[in-house]
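Undergrad: Now for the letters of each chain:
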Amino acid sequence: MVEQTQEYKPSIQPSEEGRVLPSGEREFFFDVSTSDLEVNMGPQHPATHGVMRVLLRTDGELVTGAQPHLGYLHRGAEKIGENVEWLQYLPYTDRYDYLAAMNNNLGYSLAVEALMPGLEIPRRATLIRTICAELNRIASHLIAFGTYGLDIGAFTPFFYAFREREWIQALFEKICGARLTYSYIRIGGVFNEAPPGWLKEVEHFCDVFEEKWKEYYDLLALNHIFVMRTKDIGVITPEMAYDFGLTGPMLRGSGIDFDLRRDMPYMDYTEIWEAGAYQIPLGSGEKGTLGDCWDRFDVRVKEMIESIKIVRYCLGVIEPGPVLGDVPKVIKVPPGEAYVGIENPRGELGHYSHSDGGKVAVRCRVRGPSFVNLAVLEDLMPGTLLADSVAIIGSTDIVVGETDR
Amino acid sequence: MDFKAIYDHLRAVDAPGLIEADEPRLPDKETKDKGRSGMPFVRIEPASFVDFLLVCRDDPKLTFELLVDLTASDPAADDENLWVLVQLLSVKHKHRLAVKAYLPKSSASIPSATAVYRAAQWHERECGEMYGITFVGHPDPRNILLPDDWVGYPMRKDYEFPKEYHGVSCE
Amino acid sequence: MTPPLALTALPQEQVATTPNPGGNALLDLVNKIGPPEWIPDWIVALHAVGAGVGILIGIVSLIAMYSVWMERKVSGHMQCRLGPMYAGGWHGWAQTIADGVKLLMKEDMIPTGADRVLFIIAPGIVLASIFGALVAFPISYDFYFARMDLGIFMILALGSTTTIGVIMAGWASNSKWSLYGAMREAAQVIAYEIPLGLALMAPLITLGTFSLLDASALQSDWFGMKWAIFTNPANLPAFVIFWIAALAETKRAPFDLPEAESELVAGFLTEYSGIRWSFFFMEEYAAMFLMSVIAAMFWFGGFESPATWALRSAGVEGGIFFGAVCFVTLVIKAFAGVFLMMWLRWTLPRVRIDQVMTMGYKYLTPLALLCVLIAAVSEAVKSLLF
Numbered sequence: 001m002v003e004q005t006q007e008y009k010p011s012i013q014p015s016e017e018g019r020v021l022p023s024g025e026r027e028f029f030f031d032v033s034t035s036d037l038e039v040n041m042g043p044q045h046p047a048t049h050g051v052m053r054v055l056l057r058t059d060g061e062l063v064t065g066a067q068p069h070l071g072y073l074h075r076g077a078e079k080i081g082e083n084v085e086w087l088q089y090l091p092y093t094d095r096y097d098y099l100a101a102m103n104n105n106l107g108y109s110l111a112v113e114a115l116m117p118g119l120e121i122p123r124r125a126t127l128i129r130t131i132c133a134e135l136n137r138i139a140s141h142l143i144a145f146g147t148y149g150l151d152i153g154a155f156t157p158f159f160y161a162f163r164e165r166e167w168i169q170a171l172f173e174k175i176c177g178a179r180l181t182y183s184y185i186r187i188g189g190v191f192n193e194a195p196p197g198w199l200k201e202v203e204h205f206c207d208v209f210e211e212k213w214k215e216y217y218d219l220l221a222l223n224h225i226f227v228m229r230t231k232d233i234g235v236i237t238p239e240m241a242y243d244f245g246l247t248g249p250m251l252r253g254s255g256i257d258f259d260l261r262r263d264m265p266y267m268d269y270t271e272i273w274e275a276g277a278y279q280i281p282l283g284s285g286e287k288g289t290l291g292d293c294w295d296r297f298d299v300r301v302k303e304m305i306e307s308i309k310i311v312r313y314c315l316g317v318i319e320p321g322p323v324l325g326d327v328p329k330v331i332k333v334p335p336g337e338a339y340v341g342i343e344n345p346r347g348e349l350g351h352y353s354h355s356d357g358g359k360v361a362v363r364c365r366v367r368g369p370s371f372v373n374l375a376v377l378e379d380l381m382p383g384t385l386l387a388d389s390v391a392i393i394g395s396t397d398i399v400v401g402e403t404d405r
Numbered sequence: 001m002d003f004k005a006i007y008d009h010l011r012a013v014d015a016p017g018l019i020e021a022d023e024p025r026l027p028d029k030e031t032k033d034k035g036r037s038g039m040p041f042v043r044i045e046p047a048s049f050v051d052f053l054l055v056c057r058d059d060p061k062l063t064f065e066l067l068v069d070l071t072a073s074d075p076a077a078d079d080e081n082l083w084v085l086v087q088l089l090s091v092k093h094k095h096r097l098a099v100k101a102y103l104p105k106s107s108a109s110i111p112s113a114t115a116v117y118r119a120a121q122w123h124e125r126e127c128g129e130m131y132g133i134t135f136v137g138h139p140d141p142r143n144i145l146l147p148d149d150w151v152g153y154p155m156r157k158d159y160e161f162p163k164e165y166h167g168v169s170c171e
Numbered sequence: 001m002t003p004p005l006a007l008t009a010l011p012q013e014q015v016a017t018t019p020n021p022g023g024n025a026l027l028d029l030v031n032k033i034g035p036p037e038w039i040p041d042w043i044v045a046l047h048a049v050g051a052g053v054g055i056l057i058g059i060v061s062l063i064a065m066y067s068v069w070m071e072r073k074v075s076g077h078m079q080c081r082l083g084p085m086y087a088g089g090w091h092g093w094a095q096t097i098a099d100g101v102k103l104l105m106k107e108d109m110i111p112t113g114a115d116r117v118l119f120i121i122a123p124g125i126v127l128a129s130i131f132g133a134l135v136a137f138p139i140s141y142d143f144y145f146a147r148m149d150l151g152i153f154m155i156l157a158l159g160s161t162t163t164i165g166v167i168m169a170g171w172a173s174n175s176k177w178s179l180y181g182a183m184r185e186a187a188q189v190i191a192y193e194i195p196l197g198l199a200l201m202a203p204l205i206t207l208g209t210f211s212l213l214d215a216s217a218l219q220s221d222w223f224g225m226k227w228a229i230f231t232n233p234a235n236l237p238a239f240v241i242f243w244i245a246a247l248a249e250t251k252r253a254p255f256d257l258p259e260a261e262s263e264l265v266a267g268f269l270t271e272y273s274g275i276r277w278s279f280f281f282m283e284e285y286a287a288m289f290l291m292s293v294i295a296a297m298f299w300f301g302g303f304e305s306p307a308t309w310a311l312r313s314a315g316v317e318g319g320i321f322f323g324a325v326c327f328v329t330l331v332i333k334a335f336a337g338v339f340l341m342m343w344l345r346w347t348l349p350r351v352r353i354d355q356v357m358t359m360g361y362k363y364l365t366p367l368a369l370l371c372v373l374i375a376a377v378s379e380a381v382k383s384l385l386f
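Residue numbers (this note's numbering), protein chains in the order written: chain U, 1 to 405; chain S, 1 to 171; chain X, 1 to 386.
Each hint should be verified, as a subset may be incorrect.
[What the hints assert, rightly or not] Simulated restraints on C-beta separations:
| # | chain 1 | residue 1 | chain 2 | residue 2 | range |
| --- | --- | --- | --- | --- | --- |
| 1 | U | Leu180 | X | Ala324 | 50 to 56 Å |
| 2 | U | Glu271 | S | Asp8 | 28 to 34 Å |
| 3 | U | Lys79 | S | Val13 | 37 to 43 Å |
| 4 | U | Asn192 | S | Tyr102 | 42 to 48 Å |
| 5 | S | Glu45 | X | Thr112 | 54 to 60 Å |
| 6 | S | Tyr102 | U | Asp257 | 33 to 39 Å |
| 7 | U | Arg75 | S | Asp149 | 17 to 23 Å |
| 8 | U | Leu315 | S | Pro104 | 50 to 56 Å |
| 9 | X | Ala314 | U | Leu222 | 49 to 55 Å |
| 10 | U | Leu315 | X | Ser273 | 47 to 53 Å |
| 11 | U | Gly357 | X | Thr112 | 55 to 61 Å |
What the hints contain is simulated information worked out from the structure, not anything from laboratory work. Every residue gets a Cβ at the ideal spot worked out from N, C-alpha and C, and that includes glycine.
Bound conformation, chain U alone:
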């Protein structure tokens, strides 16, 4: 074994005020000893965004330790992937990050397509995929925006966010018939042609959303109480972000300029980037410290408007054509292994597919960004107040379906 370059830090730190006895009790200088209170935040708790449990050690309002416990929503998605056909697995991908099902479909399809070198994806299909993925990114970030407001205690932005999300869902309903679990982006393209007039409606949505976005930003992100609650809280330094393997808005919130769409391009994102259609918002430490909760929130909110720009670019260049490549009914994937990571709203969604040439996968690994991003909680929570711990969980923007898969 090599020497450890980094010492493992236990998440529960001894207090400076008193000596911590081996039993966990804390001895104070005066003649009283108190012990920390252990509280279960979850599995049924409004702040955990699903069935996750965080075991908190608290000293009054002060959180001295936190330990996430997962697995309440574990459905064995990876094992299922080894037992169903390639295309049959597609609906299961909807279910892990159920707020960004289009992106999941896309990630899985790209991973399988990486094993099928002869398969041509029509350009129209690629553009529709991009539009859907970006619209779904907006929908997902709207949830992140709204529920973060809820975590901090502001109810109303949540409903505004849901109003716009409802619109996106209606658009998706028109194109694929489903509102949450789409299974629309398929191996080889997309399931069907967009209905007539759909692209016009998307454009209308973009026009309206751009106006509304500014209001939302002013209403919540620049609200003084909101800024007070989120600045300097849960600071993730760039080193920490690297160490924990954070991706997506969590990484960019720490000021690291990295986006898979631009830096490890897939589909037509290189073309869109080169056309100058979008930028990558980064955490700036504008309101407090670089990498605090406000920065992460800010990155998410600003990403919505960049997604709108991408959608607009795609709407500008889209032309009629086929939307599905030449794929058979029962897909046989040539033997091989591929890992494809795409930029999900929450970070890098990686699919590792391993085929031995048969009808089912040998291994169907899903690398969920929420799962990885959640690990940072153990380090962020100690030393904060109880209300801050809620703000920190909210700023990681997890979807429990994905952490547990």
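Please build the complex by placing chains S and X on the supplied structure of chain U, with the hints as guidance.
TA: What follows is chains S and X alone, placed relative to chain U:
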């Protein structure tokens, strides 16, 4: 850097435990090789797993800051090896590297990568419970997704589904 | 107006002849009619008090109920929704009644580990103290249940007794979340009682009375617009401080930390359900109304408005119609305050406990003291000049 350059550089710095590069190839009828598509890997010795990751992280030409994914795979029920697969990503140089190590099923054990990347911590817990791989030196090797009292390693190909769980029939 | 009783030392024989010097409009009315001789006086008094309590509870329950309905409609319209629309027909006016019936029918649950006695009496204490405080709430100049010269003192004293009930509920629930809620409530109320009381000093200095009725009567000049908030420069900042403190006292957002649903599940309410829970709910809305009544009485002219001025100059003073106008004026003003509270609640995020404490002790308390000083100085200057 592309995979070829990364591999050459790893050879040049004599990265510990590096065995070979496994690249996609076309099918060959004469050798009855079905070919392989997808992405290239490097294969390493499990024993020098941590040293290899350290080189990957700290070498100025590689700088893989992120351990994106660490997972395992059981290629077949009759295969004698389990695979451990690591996906590395460099933010600075914008390249990826996939690393693979073969572990014999009879003694599936590998040094833990948590000392190099703390991102590995939860991934290793998951691999441990799903495949029964022991990560030597892991600070907290509990189950993460499965209950603490779960018997067997569900992601192995020879796993048999239990007939009941805590008195509840699963059939 | 009757001179404040405490200031006029009445001769002993006069006190004995004046029935009920504390003042209960119902008792006065009964005494005026003259009950039959054979009924003892104490039975008459008891019945009058009982009727008063009945009327009060009726009014307050109605107000609380319609505050709930209003909250749902206000929040609904602020959030691009409609709120209740079905129960009762017109805009769901009967929704709260339906909810109340449902809550009455619900199973009465007490957690196994709870302290049963405290758990049961806590909602009672909360509701009783807020009703007690509302005793000093006058319906009009001639109709009141307790005419007290130190009415505002009694309101503040009884109004903050609800905290005891809340802490009791939090402790008795035997849930950690409830305990957190109770502790937060205790810390918050202690921190905000001080600025609340101090901010109230500014209009009290301006008006020179502790009695709600006198305070209202003193603001009747200037066509019914000689409101305290206009007559002293310290009163506007004092009102802002009072309002912030009142939000904290009534546990309304942005100070709803004791029940902060995203942090503490439901705080001290976590283990409560059914009718007991609805007691806390009613207390919240009654307290909101009470705080708004205080604000209306001491800053915004109480019963006085151009309408009452017009009636008075037309010679209509006293009597049922004038009383009704007074009552409606006050209720409109109070509901404007309640609406402001709702508006704030549905707009602002929640502050953190340390920020609550900082704001209370470091900013609001000194500022309130400053307001008292300015109010006193400007009153002194006024009395010297005019």
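Undergrad: With reference to the structure, classify each hint as holding or not holding.
TA: Against the structure, the hints come out as follows:
no.	hint	result
1	U:Leu180 to X:Ala324: 50 to 56 Å	holds (55 Å)
2	U:Glu271 to S:Asp8: 28 to 34 Å	holds (31 Å)
3	U:Lys79 to S:Val13: 37 to 43 Å	holds (39 Å)
4	U:Asn192 to S:Tyr102: 42 to 48 Å	holds (44 Å)
5	S:Glu45 to X:Thr112: 54 to 60 Å	holds (58 Å)
6	S:Tyr102 to U:Asp257: 33 to 39 Å	holds (37 Å)
7	U:Arg75 to S:Asp149: 17 to 23 Å	holds (19 Å)
8	U:Leu315 to S:Pro104: 50 to 56 Å	holds (55 Å)
9	X:Ala314 to U:Leu222: 49 to 55 Å	holds (52 Å)
10	U:Leu315 to X:Ser273: 47 to 53 Å	holds (52 Å)
11	U:Gly357 to X:Thr112: 55 to 61 Å	holds (60 Å)
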